[in-house]
Amino acid sequence: MTEKEFLDYCKGQVSGPLKDEDIILMLTAWGGIKHSLGYHKALDDHDITPDQDTQNQDSQ
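The working numbering numbers the first residue of the sequence shown as 1 and each following residue consecutively.
Source of the hints: derived by calculation from the structure; they are not laboratory data.
Only a predicted model underlies this, so the values are computations on that prediction, with no experimental measurement involved.
One thing to keep in mind: the hints can contain errors.
Here are the computed lysine-lysine pairs in the DSS-like style, where the Cα-Cα straight-line distance is at most 30 Å [as the list claims (entries may be wrong)]:
(1) LYS41 - LYS11
(2) LYS34 - LYS11
(3) LYS19 - LYS4
(4) LYS19 - LYS34
(5) LYS41 - LYS4
(6) LYS4 - LYS34
Could you build all of it, start to finish, from the sequences and the hints given here?
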């Protein structure tokens, strides 16, 4: 899903005119989704499980 597709989907969930707050919320959600996907891809790329990453953070 692209950012435009996501925004179009979100627009369909809102009734009435979009406010600035709606757009900010949509873009914040999109950023959170992309960050999570990137985080999990990085773990996969380095053969790390999420459990291992949590253990490493706890030991610091």
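Now the hints, each set against the structure:
1. For the hint pairing LYS41 with LYS11, the CA-to-CA distance comes to about 28 Å; that is within 30 Å, so the pair holds.
2. Proximity of LYS34 to LYS11 is assessed by CA-CA distance (about 19 Å); at most 30 Å being required, the pair is judged to hold.
3. Simply put, LYS19 and LYS4 have alpha-carbon atoms about 17 Å apart, close enough for the 30 Å limit, and the pair holds.
4. Using a Cα cut-off of 30 Å, the hinted pair LYS19 and LYS34 holds, with the two alpha carbons roughly 23 Å apart.
5. The straight-line distance between the Cα atoms of LYS41 and LYS4 is roughly 22 Å, inside the 30 Å bound, and the hint therefore holds.
6. Between the alpha carbons of LYS4 and LYS34 the distance comes to roughly 13 Å, so the proposed pair stays at or under 30 Å and holds.
Comparing the model with each earlier hint shows no violations; every hint is respected.
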